[in-house]
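Each chain is listed here by its residues.
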Amino acid sequence: MKILLSIDDTDAMKVEGVEVRGTGELAGMIKQTVEERGWGVCEPITRHQLLIHPDIPYTSHNSSMCFMAEIDADRLDELIAYSSDFLVRESAPEADPGLCVAVIDRLSHPGWLISFGYMAKNYVLTKQEAYDLAETMGIHLSEHGGTGQGIIGALAGAGLRLSGNDGRFKGKIKIKSETGIVTAGLIRATGKVDLVKSLEEGIILEDSDELILGDTVKALLLDGKAVLPVYSIGKDDSGRPRWQTYSKSQMKDF
Amino acid sequence: MWQVNDKGEREFTGGKQDWNAAVKAAEECSCFREDDEDELVADENISCYNCRYRRWTAKTFICCK
Chain B
100 MKILLSIDDT DAMKVEGVEV RGTGELAGMI KQTVEERGWG VCEPITRHQL
150 LIHPDIPYTS HNSSMCFMAE IDADRLDELI AYSSDFLVRE SAPEADPGLC
200 VAVIDRLSHP GWLISFGYMA KNYVLTKQEA YDLAETMGIH LSEHGGTGQG
250 IIGALAGAGL RLSGNDGRFK GKIKIKSETG IVTAGLIRAT GKVDLVKSLE
300 EGIILEDSDE LILGDTVKAL LLDGKAVLPV YSIGKDDSGR PRWQTYSKSQ
350 MKDF
Chain S
1271 MWQVNDKGER EFTGGKQDWN AAVKAAEECS CFREDDEDEL VADENISCYN
1321 CRYRRWTAKT FICCK
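For the protein sequence lines, the chains are B and S, in the order given. This note's numbering puts the first residue of the first sequence at 100, with every later residue one more than the last. This note's numbering puts the first residue of the second sequence at 1271, with every later residue one more than the last.
Mixed in with the good hints, there may be bad ones.
Unchecked claim - If you want the footprint, here are the derived chain B segments under chain S, 3+ residues with CB under 8 Å:
no.	region
1	119–127
2	147–155
3	158–166
4	267–281
5	339–351
What the hints assert, rightly or not - With a Cα cut of at most 25 Å, we get these calculated DSS-like pairs of lysine-lysine:
no.	chain 1	residue 1	chain 2	residue 2
6	B	Lys351	S	Lys1286
7	B	Lys351	S	Lys1335
8	B	Lys324	B	Lys291
9	S	Lys1329	B	Lys351
10	B	Lys351	S	Lys1294
11	S	Lys1286	B	Lys220
12	S	Lys1286	S	Lys1335
13	B	Lys351	B	Lys271
14	B	Lys291	B	Lys271
15	S	Lys1286	B	Lys271
16	B	Lys271	B	Lys324
17	B	Lys130	B	Lys101
18	B	Lys324	B	Lys275
19	B	Lys220	B	Lys351
20	B	Lys220	S	Lys1329
Simulated from the structure, these hints should not be mistaken for laboratory data. Small disclaimer: the values here were computed from a predicted structure and weren't measured. For glycine and all other residues, C-beta sits at the position ideal for the given N, C-alpha and C.
Please model the entire structure based on the sequences and the hints provided.
Laid out in structure tokens, this is it:
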């Protein structure tokens, strides 16, 4: 069965004498456990930005982390139990962690979950609203410390991942190149990028097209694909467009 | 570069787009610590915009140090 696992609000700004792991790192550890224990095969983690608002408690940026996985149906309860215990154990003491696990095939109205995700990017939502939707849709939603406020972001993260059109993939894509210039085909061959695309011009690069690597090579989730965004930096001597990957400041709005 | 808001927090006056001021402030700060890679937004590594002790608000950020 295909599932979405999403977590939020696991960290804290400062914990004296304790190493605080970010939400993305914790999501990565759960993902690693799923694969190491043979429960299933996971897709990469995505980060989803939610609303920044004075009425919303968050640590520093109010984002949630989500991954999709194909798991053995017999392992679902075990995965939820493990993830719940993990969040209690690994979240910062001041955190308000939430866990969402949604079985995609069981979602009779996936649009409702997606809508909740987009609502959480634009409006202040309540825990009750999150619990009500989760119960209606048969989605696992649980809190694991503090106020449990993280359930809102966890549910929203699952919806935004399901939308296929939100957020950026966790981590940088590592590509070796002495010149800093590679082909789109080489990037796609890493298996971490489906398309290399100029978002402004709507042009999908051919595998033979070259691009200049910036210091951060990260993919976005667009149309259900991992898309490496590039922008035009003029034309070469033969009149062909020259491309460069987005910088961190260009990526920040995704 | 900084003002104290009505909650008594130290708020950056440059908003979210004053890249030069955010670099300058971080370079003058002994508490700067780079955030997780997934949360970096400034191209210059040492920038308050990339610090793990900044807390984003709707218009700018609060320094939590």
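For each hint, the structure was consulted:
no.	hint	result
1	119–127	holds (count 3)
2	147–155	holds (count 3)
3	158–166	holds (count 5)
4	267–281	holds (count 4)
5	339–351	holds (count 5)
6	B:Lys351 - S:Lys1286	holds (11 Å)
7	B:Lys351 - S:Lys1335	holds (23 Å)
8	B:Lys324 - B:Lys291	holds (10 Å)
9	S:Lys1329 - B:Lys351	holds (15 Å)
10	B:Lys351 - S:Lys1294	holds (20 Å)
11	S:Lys1286 - B:Lys220	holds (18 Å)
12	S:Lys1286 - S:Lys1335	holds (18 Å)
13	B:Lys351 - B:Lys271	holds (14 Å)
14	B:Lys291 - B:Lys271	holds (10 Å)
15	S:Lys1286 - B:Lys271	holds (23 Å)
16	B:Lys271 - B:Lys324	holds (16 Å)
17	B:Lys130 - B:Lys101	holds (14 Å)
18	B:Lys324 - B:Lys275	holds (23 Å)
19	B:Lys220 - B:Lys351	holds (15 Å)
20	B:Lys220 - S:Lys1329	holds (15 Å)
Figure legend: structure checked against the earlier numbered hints; every hint is met.
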